[in-house]
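Undergrad: Sequence:
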Amino acid sequence: MAADKALRVAVTGASGFVGRALLARLARDAGDVVALSRAAAGWPGGVRALTVPGYEDAALLARAFAGMQAVVHLAARAHRGGGDQAFESSVRGASAVARAARDAGVGRLVLISSIGVNGNRTREQRPFTEADAPGPVEPYARSKLRAEQAVAEVLGASATSLTIIRPPLIYGPGAPGNFARLVGAVARGWWLPLAGIHNARSLVGIDNLLDLISLCLDHPAATNELFLAADSQDLSTPEMVRCIAAGLGRPPHLLRCPPQALRLAAWATGRGRIAESLCDSLQVDAGKARRLLGWMPARSAAEGVREAAKGFLAPC
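Here UniProt numbering is used: the first residue of the sequence shown is 1, the next is one more, and so on.
Check before you lean on any hint, since a few could be wrong.
Unchecked claim - DMTMM-like mimics (lysine to aspartate or glutamate), calculated; alpha carbons at most 25 Å apart, straight line: (1) 288 <-> 211; (2) 310 <-> 207; (3) 288 <-> 225; (4) 310 <-> 239.
Worth flagging that the hints you see were computed from the coordinates, not collected in a lab.
Taking the hints into account, I'd like the entire structure generated from these sequences.
TA: Set out below in structure tokens:
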């Protein structure tokens with residue numbers, strides 16, 4: 001989004017980590033911003049808020065989207081246990097949001113998906129690209145793929161264009177999930193048996209992701225395109241721990257443990273998926289967004305993780 005363009009933008013899932021950060025950016029840069037959320041929350045000045053019971057009522061959503069030039073769809077069931085059926089509401093919600101955007105005459109729908117649609121890991125330093133066949137492993141990732149397909153089907157013959165972004169782990173101050181747990185472990189001074197891991201993980205900082213979303217709101221080259229998102233630098237898990245420790249001003253407490261032993265111990269205690277995310281490589285080639293949109297991540301992953309850790313436990 002160009003700085004001199006005051007776009008009218010609606011955001012679903014506005015109370016989540018990415019949603020709140022995006023609203024703060026749009027409140028500064030956009031012209032008219034509507035925040036849709038299941039939970040009432042405090043919003044930046046100038047943001048119009050709408051509390052919704054869910055995202056399956058296309059007629060209600062169409063009224064909220066009236067006059068909007070772009071919609072960013074973030075709302076989805078978070079990473080939690082359950083099979084495929086547990087995530088069906090996210091697929092139905094994405095379809096309803098697409099129908100609402102189409103019926104309201106919205107010019108562009110930006111759908112935030114997940115790199116999990118591509119798969120859980122990469123091998124032999126071959127990063128994921130947009131051309132790869134989908135290979136989702138977890139129910140959450142499979143629901144993201146079904147949501148992409150449902151939205152594309154709804155918008156296929158309409159005047160509303162679709163842009164899909166698949167980010168890997170998103171980090172930043174206050175980020176939930178695995179990043180929060182890793183920061184907490186380092187902050188508590190725990191010894192972590194991760195020094196023997198030699199992998200490469202792509203991440204994306206929240207500010208870098210917001211830059212990409214902003215570009216996708218109205219960039220002509222983003223019309224009906226899929227983009228993978230990632231910082232310009234990959235980190236190994238031990239490097240990530242060291243960056244977090246540096247940001248917190250603490251020494252990194254790393255123990256050397258054979259990765260296979262770590263995996264076996266984790267699976268035996270019901271933490272196998274966490275061990276996979278710590279031990280496996282997951283690399284993303286985000287060159288398409290750089291070539292077509294001119295997107296350049298402003299911060300490297302090392303710098304971004306350090307800065308995120310500094311503010312992570314800071315009092316509000």
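Undergrad: So, for every hint listed, does it hold in this structure?
TA: We went through each hint and held it up to the structure:
1. 288 <-> 211: 15 Å, holds
2. 310 <-> 207: 15 Å, holds
3. 288 <-> 225: Holds. Residue 288 to residue 225 sits at ~10 Å (cutoff 25 Å).
4. 310 <-> 239: Satisfied, since the Cα-Cα distance of roughly 16 Å is no more than 25 Å.
Consistency with the previously given hints is maintained throughout, with no hint failing.
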